[in-house]
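Going down the list, the sequences are from chains A and B.
One gets our numbering by counting positions in the first sequence from 1 and adding 2 to each.
One gets our numbering by counting positions in the second sequence from 1 and adding 2 to each.
Be careful, since some hints might not be right.
All copies of an identical chain are treated as equivalent in the list; a pair is satisfied when it fits inside any one copy or across any two copies.
20 Å max Cα-Cα, derived SDA-like pairs, lysine to any residue [stated by the list, open to error]:
hint: 1; residue 1: 406; residue 2: 474
hint: 2; residue 1: 219; residue 2: 239
hint: 3; residue 1: 349; residue 2: 98
hint: 4; residue 1: 46; residue 2: 155
hint: 5; residue 1: 84; residue 2: 396
hint: 6; residue 1: 438; residue 2: 234
Treat the hints as calculated values from the structure; they're not laboratory data.
Protein chains: 2
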Amino acid sequence: MRDWLVHIRRNEHASLQTQIREALVSAILDGQLARDEPIPSTRKMAKSLGVSRNTVVLAYQGLLDDGYLVAKERSGYYVSEKALEGALQPNMAPKPVSAGSSINWAARFTMEPAAQANVSKPMDWQTYPYPFIYGQVDHTLFPLAEWRDCARQALGKKWLGTWTNDTWANDDPLLVEQIRRRILPRRGIMASDDEILVTLGAQNALYLLTTLLVSAKTRVGMEEPGYPDVRNIFSLSTPHVSLLPVDGKGLVPSEAFDACDLVFTTPSHQFPTTVTMPLERRMELLKRAASHDVLIIEDDYEFETNYVNEPCPALKSLDDDGRVIYVGSLSKTLFPGLRLGFLVAPKNVVEQARALRRLMVRHAPNNNQRTAALFLSLGHHDTLIRRLHRAYRTRWEIMGEALKTHLPDSSQVPGFGGTSFWVKGPDGLDSGELAKAAATKGVLIEPGRVNFGAAGGPRNFYRLAFSSIAEAKIEPGIRILSDLVQR
Amino acid sequence: MRDWLVHIRRNEHASLQTQIREALVSAILDGQLARDEPIPSTRKMAKSLGVSRNTVVLAYQGLLDDGYLVAKERSGYYVSEKALEGALQPNMAPKPVSAGSSINWAARFTMEPAAQANVSKPMDWQTYPYPFIYGQVDHTLFPLAEWRDCARQALGKKWLGTWTNDTWANDDPLLVEQIRRRILPRRGIMASDDEILVTLGAQNALYLLTTLLVSAKTRVGMEEPGYPDVRNIFSLSTPHVSLLPVDGKGLVPSEAFDACDLVFTTPSHQFPTTVTMPLERRMELLKRAASHDVLIIEDDYEFETNYVNEPCPALKSLDDDGRVIYVGSLSKTLFPGLRLGFLVAPKNVVEQARALRRLMVRHAPNNNQRTAALFLSLGHHDTLIRRLHRAYRTRWEIMGEALKTHLPDSSQVPGFGGTSFWVKGPDGLDSGELAKAAATKGVLIEPGRVNFGAAGGPRNFYRLAFSSIAEAKIEPGIRILSDLVQR
Numbered sequence: 003m004r005d006w007l008v009h010i011r012r013n014e015h016a017s018l019q020t021q022i023r024e025a026l027v028s029a030i031l032d033g034q035l036a037r038d039e040p041i042p043s044t045r046k047m048a049k050s051l052g053v054s055r056n057t058v059v060l061a062y063q064g065l066l067d068d069g070y071l072v073a074k075e076r077s078g079y080y081v082s083e084k085a086l087e088g089a090l091q092p093n094m095a096p097k098p099v100s101a102g103s104s105i106n107w108a109a110r111f112t113m114e115p116a117a118q119a120n121v122s123k124p125m126d127w128q129t130y131p132y133p134f135i136y137g138q139v140d141h142t143l144f145p146l147a148e149w150r151d152c153a154r155q156a157l158g159k160k161w162l163g164t165w166t167n168d169t170w171a172n173d174d175p176l177l178v179e180q181i182r183r184r185i186l187p188r189r190g191i192m193a194s195d196d197e198i199l200v201t202l203g204a205q206n207a208l209y210l211l212t213t214l215l216v217s218a219k220t221r222v223g224m225e226e227p228g229y230p231d232v233r234n235i236f237s238l239s240t241p242h243v244s245l246l247p248v249d250g251k252g253l254v255p256s257e258a259f260d261a262c263d264l265v266f267t268t269p270s271h272q273f274p275t276t277v278t279m280p281l282e283r284r285m286e287l288l289k290r291a292a293s294h295d296v297l298i299i300e301d302d303y304e305f306e307t308n309y310v311n312e313p314c315p316a317l318k319s320l321d322d323d324g325r326v327i328y329v330g331s332l333s334k335t336l337f338p339g340l341r342l343g344f345l346v347a348p349k350n351v352v353e354q355a356r357a358l359r360r361l362m363v364r365h366a367p368n369n370n371q372r373t374a375a376l377f378l379s380l381g382h383h384d385t386l387i388r389r390l391h392r393a394y395r396t397r398w399e400i401m402g403e404a405l406k407t408h409l410p411d412s413s414q415v416p417g418f419g420g421t422s423f424w425v426k427g428p429d430g431l432d433s434g435e436l437a438k439a440a441a442t443k444g445v446l447i448e449p450g451r452v453n454f455g456a457a458g459g460p461r462n463f464y465r466l467a468f469s470s471i472a473e474a475k476i477e478p479g480i481r482i483l484s485d486l487v488q489r
Numbered sequence: 003m004r005d006w007l008v009h010i011r012r013n014e015h016a017s018l019q020t021q022i023r024e025a026l027v028s029a030i031l032d033g034q035l036a037r038d039e040p041i042p043s044t045r046k047m048a049k050s051l052g053v054s055r056n057t058v059v060l061a062y063q064g065l066l067d068d069g070y071l072v073a074k075e076r077s078g079y080y081v082s083e084k085a086l087e088g089a090l091q092p093n094m095a096p097k098p099v100s101a102g103s104s105i106n107w108a109a110r111f112t113m114e115p116a117a118q119a120n121v122s123k124p125m126d127w128q129t130y131p132y133p134f135i136y137g138q139v140d141h142t143l144f145p146l147a148e149w150r151d152c153a154r155q156a157l158g159k160k161w162l163g164t165w166t167n168d169t170w171a172n173d174d175p176l177l178v179e180q181i182r183r184r185i186l187p188r189r190g191i192m193a194s195d196d197e198i199l200v201t202l203g204a205q206n207a208l209y210l211l212t213t214l215l216v217s218a219k220t221r222v223g224m225e226e227p228g229y230p231d232v233r234n235i236f237s238l239s240t241p242h243v244s245l246l247p248v249d250g251k252g253l254v255p256s257e258a259f260d261a262c263d264l265v266f267t268t269p270s271h272q273f274p275t276t277v278t279m280p281l282e283r284r285m286e287l288l289k290r291a292a293s294h295d296v297l298i299i300e301d302d303y304e305f306e307t308n309y310v311n312e313p314c315p316a317l318k319s320l321d322d323d324g325r326v327i328y329v330g331s332l333s334k335t336l337f338p339g340l341r342l343g344f345l346v347a348p349k350n351v352v353e354q355a356r357a358l359r360r361l362m363v364r365h366a367p368n369n370n371q372r373t374a375a376l377f378l379s380l381g382h383h384d385t386l387i388r389r390l391h392r393a394y395r396t397r398w399e400i401m402g403e404a405l406k407t408h409l410p411d412s413s414q415v416p417g418f419g420g421t422s423f424w425v426k427g428p429d430g431l432d433s434g435e436l437a438k439a440a441a442t443k444g445v446l447i448e449p450g451r452v453n454f455g456a457a458g459g460p461r462n463f464y465r466l467a468f469s470s471i472a473e474a475k476i477e478p479g480i481r482i483l484s485d486l487v488q489r
């Protein structure tokens, strides 16, 4: 028996049976097993791996069923000839992708998005004891069993057509119905099905709208500080990006605002300062937008996490003029890796955005749309929001206290909820340096520089998020941070 | 008891328990149940719906657990106060999306993709007895149990981080590994991980590449006839789209080809004619591309369905120059609704495409990436390809015979495999009219006009696909079609 064929790791994610199957399939398809080579008996394999024979029998049975192995009487198991049809041909020498590469790519690129500054977070953030990082979910709060149950139903035989078909430009009608009936009315918005488009996260909605509405001549406005990914999208399409100031009431109405064709804003919780725009400011913004024919894209992220006041309805709900396009996300309450969001706009805008989405991605994967629709319709989403609300409020209070105690000299822009604090460090602090030093102590924070579009924007702001850190870790983490700031 | 609250449909996809839960959650969240209104007892509800009491008990238990209902001793079930927090406020009158709509949207749009001609297929194609339509999968061939098993594993607690996190610009390393080790070598391509990008279907890869490489001045070449969605993508970016002729060997090398900066081609099975480009033609094309510095996008769709010859390696595998960008899809063998594809390109191109994808969609949903990775690594994908191969080959032969018998006057461009025939009807035939007439007889075909970019392109071509029609239906369907063509 060739021992190297199958290795078992007890602490692996996959079951032992799965690991055995995977190793044998790999060996067959990678051409490591010759046609006439016998496979160890189930007894031998079980003994050599130290697993139960039953586990091996089940793995072998699956491989027999699928034609990878054949059983010969009195002789045991062999690799099937059929399986080798798909295997690598030894006489085929694959060619490296960039072989000669005489191309002058830089001259070919119409844009270089990789050169843009952007938020970067360590992929292994979960291994840090104090991850104050933004936009991830706390796994301990997520109703995994319910989600899996919905996924199981969505993958059911009866719905097979729904999730396997290419549905071209169409969304899952059940998900659209849930957005229309369950999510939008609470934001004060009444939409018909053809005024809603499901997108690959809010990010995709913003990209679609920019492609549709921004040319090289368009003057767009952007909150400063603001969401860097949107500034980056705008910058790919137009050089005319105005950085509009933000104060304690959110986006400030100004002549610079009036001069824009299109403005991006986050009234529920300004990104990244978390301030909520009060009603009077909203009315003023809409009035000025109407007089100067400014279109508004409202990113209503995290509206559901206002712990202090009654949630303010969306800016869109005050819009008499059809000039606010609403963008929402399921990433913050479900999970970001799912990539589900939506936009709400007049029918003719949705029609164009739908045709563009067809060319860009077709549609969000149907299985996920259906799973999310079931999750919403069975009330699990509402249950989850209530649970997040309780957990986040507690963490928000703990963090507020910890900041008051340990970093009294740093001022926090008043935050009404959300999932983070926006902290202004002492003048002269470089939060990029602070973040590096903190990481070595196990504390992850987000330097604020990237949220400013202006050259020479301030470096002393940083963001502390609490959506994926346990209550008990907040105070100790802030204490460590405070020691570093003091030095 | 208010009878209208819960309706049960026996032939629904959802289980009875799910239906009861959904109806009660709806009534609570839509504000149809008052705070103090008692809910019928499980016994009454079971009797009134004619279902087992156990079903109702389980549904109620879930609602108690999630805080939608409260049980009061000796008094029964009531809607919980907490649950109503999220309910619609009766005093909040939602505002319609397009309220006043004084906006001149037409003047705002930078493009109008909805005006482009495109393939349209009836969404209810499965209800037609003879669906000769392209690009859908045959549910009877799909290993649903294996897919569900992989999905279940991918949703497992141990992998929670993998699928819930926003992974920003990164792909699932397990899926990238499977593409690199399992799929690309068979196409003669050797890539490193940073030369592979997972996309939302091949469509998304084509959109990303166009955005990166095509400006208003770029001269792009497109097969004629060819894939309309690519022509449409190109047309959004540049007015300089050359329609390059196709013959029995695929794309024809020509001076028009030499004059392009970038050319899109489908060498494995030309879309829509299904011809395979022979080796000499490939070499000639690459030689001319090198002399005139033409970049090539190779869409290698359906490479695995060549039943007649040994599959020809990808054009990319002959490319010494790094000028061919390879686009692949998992839609044809898994299912199109999943939206998974990939592109292979030099590292610096992938780096830019990845940064652009981050702005456009972030990444393909992580749960689907992981499910597909498991499906590939356990050999289910290879098993499926072998199964499809057998089934499609038989259908291809049956359809070839049926066409020879019933439509001898229509010439078919020789097709080596694929999942469709490209049929040239008699001169003067309008295949759009034929498709309409055929649909009334239960036969769905695809008129070919949309595949031609030229004004005044021919109308007598049509496509007959066999990927989602049962063997036994092929001959009778062609017979009906033949009767219609004769008339």
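Hints that the structure is at odds with (numbers, increasing) = 4 and 6
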